[in-house]
Amino acid sequence: MALLGGLALAGALLWRNTRQNLAARQIRSGFGFLGQTAGFDIGEGLVPYAPTDTYLLAFAAGVANTLRVAVVGIVLATVLGTLVGLGRLSRNALVRWLCTGYVEVLRNVPLIIQLFAWYLVATEILPEAASPIELAPHVYLSKGGLQFPHPVWARGWAWALAAVPPGLAAAWALVRWARARRGRTGHGPRLGWAAVLLAFAFPLAGWLAGGAPRAFELPEVTRFNVSGGVSLTPEFLALLVGLVTFTAAFIAEIVRSGVLAVPHGQAEAAAALGLAPRQAMRLVILPQALRVIVPPLTSQFLNLTKNSSLAVAIGYPDVVSIANTAINQNGQALECIVVIMSVYLTINLVTALGMGWYNRRVALVEG
Amino acid sequence: MELSRRTAVSLALALAAIALPATALAGKTLDAVKQRGEVVCGVNTSAPGFSATDSQGRWKGLDVDVCRAVAAAVLGSAEKVKFVPLNSQQRFAALQAGEIDILSRNTTWTLTRDASLGIVFTGIDYFDGQGFMVPKKLKVESAKKLGGATVCVQAGTTSEKNVADYFLANGIKYKSVVFDTAEAIQSAFFSGRCQAYTTDMSDLAGARTKTAKPQDYVILPEVISKEPLGPSVRRGDDEWFAIVKWALYAMIEAEEDGITQANADQLKAESKDPGVQRMLGAGDDTGKLLGLDKDWSYRIAKQVGNYGESFEANLGPKTPLGLPRGANKLWSKGGLLYAPPVR
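These protein sequence lines map, in sequence, to chains W and E.
Count along the first sequence from 1, then add 1; that gives the number in my numbering.
Heads up: the second sequence at position 114 corresponds to 110 in my numbering, and the numbers run straight through without jumps.
Derived from the structure by calculation, the hints contain no laboratory data.
Keep in mind the model is a prediction, meaning the values are calculated, not measured.
Possibly wrong hints are sitting among the right ones.
[To be verified] Capping the alpha-carbon separation at 20 Å, the derived lysine to aspartate or glutamate pairs in DMTMM-like fashion look like this:
1. K133(E) to E125(W)
2. K141(E) to E129(W)
3. K329(E) to E308(E)
4. K169(E) to E221(W)
5. K169(E) to E218(W)
6. K169(E) to E45(W)
7. K141(E) to E221(W)
8. K135(E) to D212(E)
Extracted from the complex, chain E is given alone in its bound form (with noise of 0.2 Å):
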């Protein structure tokens, strides 16, 4: 009896123990990053031109780009990143319980996310929109030809409910099948158990370039639903969440600014223009509002390259993928690119 007391007093206090001290919130993410001495930075498993590791299993992408201009900017090396890759159903709770530090998964903003998971989406790296892939030989030229058919679709994304969606409105049937993983859904498709895959359109481009047959393949020409994508923070930490999105907006704006990784230095010693010497750390300091240095933009464009390099280098015509730079141009060549002033 005495023996049993004891031990459930015990229990009791460790278990009080353990659940007590986590009331606190987690400290400030950017004092945190500094002592760790690297970004911890959530990517797609797998997704060619946002998050993918190449022959020599460096991580390479647009997402993985933006992780590497906050590094820059905060550690002074876009290569002090530690890159977690997450299926869509941990990227959530990965940066809820605070294992990442940034989810950059080519992921949707929407309301729900934005509003009740405890995250906060920083901006758009990508303007992009759900499709449907079809074999060729199916000759099928419209999703609206798609009655009847089975679709592999992706669980717990926004492309699972905008297909429902579709299909709903259009009175059009179908049949879905539901994987966990892109891989599982993608190879599902491609060994034919679904007459179409739907997802994000530059998913689907991605995804194409991993079959021996890439032109075995069509994408459709509707695109049903808009999918803004882009990098995400905790709650509750303004400081981390203002130099996540000033990072994704000093790319942008060193594009505006021609600035490029190869012209930095020069620019940075000659140019006259304002604009270009704050954005290379040669004018005003940007970067103490920030908490950061002076520097902080310089680095970002020196070290990983503005948004149209990355884009090209990734996603680009010269890419396997050979995306359009369509909506993702800047506003000012009629895109919807558009960073408030760095000033």
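Chain W on its own, in the form it takes in the complex (with noise of 0.2 Å):
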């Protein structure tokens, strides 16, 4: 209680000082420049913004922007980490030391330097954004990024959208009521391949009952460079694929530690009881290993998010970014890093009680 209050005082002294310091310096102070007008453009990102905007918006853009490539980031690191960390523990050598020389020259470079060589490779070996290459019919690669065709919004997709769940529901009802007669019974079909059809098929009912949309908007290659579809710019792709190559070598190393982690009589009893490498990997080992995976994952899921602000320096429009514009239009930068250290605050204290969740549910229940 005693430390509790000296904090609080020491807190509202801090405060109060701080106000009086910026008055006396006249320095404006407050979050009133929020609904003020941003007038800076955002190079990119999911939310509509234009310059005529508030900084409130900007600022949500920026959020956006860095949710876009964490939320990404974190899927592609664990797909990407969990299979490097499984090759070091394979059978075929030349398999081990590809995964281990990927974790350990990874791991040992600054990521603010991969992430320079990312962007380089992506600015200065691709060919100018006016004459891309053409990966596939109507996908470009060059300077200005990645450029893809995407749906044309309509009402077939939103029907598509809609059959989803039921569809994810409608197949995972079909696999527990196949569990439950093998159970019952000890023998009958596992209908693995029927769920996923059933999964796939929902959303195509949908689509067709919407009038089966099929106008894409395809990319065009303009006099300065490409335009329309989707457009993933260089920083964007840069940073997403430094975070997610870092990151994943500490993942693997992570999925490593908890696989041997399982003592090896778990193994031997799988093989004893007849069941293949792969099974007894999938049924016996990884489920074991889960309980020591999870909570160091969780850390690195948080360090991703939280080293997605070095965007700044190869030219992603994160929160970062912004608020270090909106700092310099306006002088307010107290404010601004309030601003962001909530921002990163909420995200990770969202992702650590997703986690702390999910964590709870493979722990070992002891009853």
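These two chains come separately, so use the hints to put the complex back together.
Structural data, given as structure tokens:
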């Protein structure tokens, strides 16, 4: 109690003192600026933002950009990290060496250097934006980034999207039923593929019912660059690839240590029961390894999110980049830094809560 | 329990001790500078013509000369300056926090900056305007033809806002790529990531000198903004504000009076013109009113040179930048440079 009281008192003093200093130096303070017109452009993003919008919306666009790279990055880094981690335990020597080399190189070079390297690859080696490489019909890669077609929004797509949850529910129910039947009778089909088909059939039906829209917005090569379709800028791609490959090296080590933490007797017992190595890994080893893997994995997810603030070095407009610009335009450094800290704190607390819930699910329950 | 209470109390006291004295304003800048024996001046990390280091590591440029003029006036030697290179995002914070005495970093004077950042501009040392540079091979002759192009622009500059205004006003769609340092934005532009680079005209000319093939890039004719660049100081120290303001005016006045580095000594001994005498410390004492000595403006002319000399040495047609005097001519020659009477 005394400690809390002391901290609160110190905090209050700091707050009062800061306000006095700002007033004495005639520096504007307060969050009123959030309602003012921002006046600068943001290069890319999911939030529809124009220079005539407010600082608040500019920050929202920055947060959306941070989330975009963090969420996609976490998913890809987990997949890549798991593959590399299992690769280091492979019985194939070449795979083992390659994965070891990957981990040692990627985790021992500072991330910012890797980001610069990826960005250099994107902007020095690729062709000019006006003469891109056509990877596939209507898929372009150049200094302007990666452009590919996207469907023009129509009612059919809304129907398809709406049909995804019932499709997944039906697939899940089918698998449960098949498993229960196998448990009861000792035989019966697995129906795994049928479940996948079912999960896809629902949205397909929705798409057909909605009039089967087939219009796509195609990127086109214009005078200066490629426009139209979905555009992923080299800044986004460099940041994403850099964060994913870097974090995957750490996740690989976590996965490897998790698997090795499962006593060898478990694998032998699985073999004695007649399980193939792949089955043993999936049914016996990994579920036990997850208990060791999940807590440090959470830290890596949080790290990836925080590391995304290096975006500013390669020109990706994440929330830090937007806040930096705002600081310069209106000079309110203190307020903008409070915004940045609250954003990362919120994102990471939510991530930690979610992972905490998952951890309790996979943890050993002793009855 | 006992320990945690003691810890808490001492922690609170320590924090209070740190926090309370800071409410007093920093001491008078002039006294601090004299005691320190050097002027600390915030400059651009690399803006050829304004502030950049030469092959010997010596700072050179028009903004640098303004700092040297202040040092010559206050400390007696133009060499007593410590230069702190700052990027565009650090500059105001460095001045606000008292890390530097003067911010002389090709910074545009705007109302928001003058009235809400706790700083105040002392004058204008270069009348600039924002423009665009494009690779020659794109065959673009006008900024109005940049529709659909990707434009490189530096974060936290007036350029970032001006370009948004300009394209909005002209109904042109564009994409921006924003970096936090001039070096990053220039390497992105010269590597071909953007089709256009926008910043102040003088900066464009400076950036072009850094590339291997300057002739491959053209600066478009449109000037889309007013960019009066000048030094600024912290608010609340009127004496220091006056010194920095008049140091620049002395450079301009010296050009008007025909005083150069070469002839300053001769004019000091021989000139009968009371205005020239005042400037060279041979007439009325103008320094006393500023808290300086009689020779303050003589030393500026002798050690740094007049405005025109600094311009010709750093930005003029004989330098790699090759900029014309343009609006930066003296008012008497049809330009905008005008110093109030030094008397």
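Evaluation of the provided hints:
{"no.": "1", "hint": "K133(E) to E125(W)", "verdict": "holds, 18 Å"}
{"no.": "2", "hint": "K141(E) to E129(W)", "verdict": "holds, 19 Å"}
{"no.": "3", "hint": "K329(E) to E308(E)", "verdict": "holds, 16 Å"}
{"no.": "4", "hint": "K169(E) to E221(W)", "verdict": "holds, 16 Å"}
{"no.": "5", "hint": "K169(E) to E218(W)", "verdict": "holds, 18 Å"}
{"no.": "6", "hint": "K169(E) to E45(W)", "verdict": "holds, 13 Å"}
{"no.": "7", "hint": "K141(E) to E221(W)", "verdict": "holds, 18 Å"}
{"no.": "8", "hint": "K135(E) to D212(E)", "verdict": "holds, 11 Å"}
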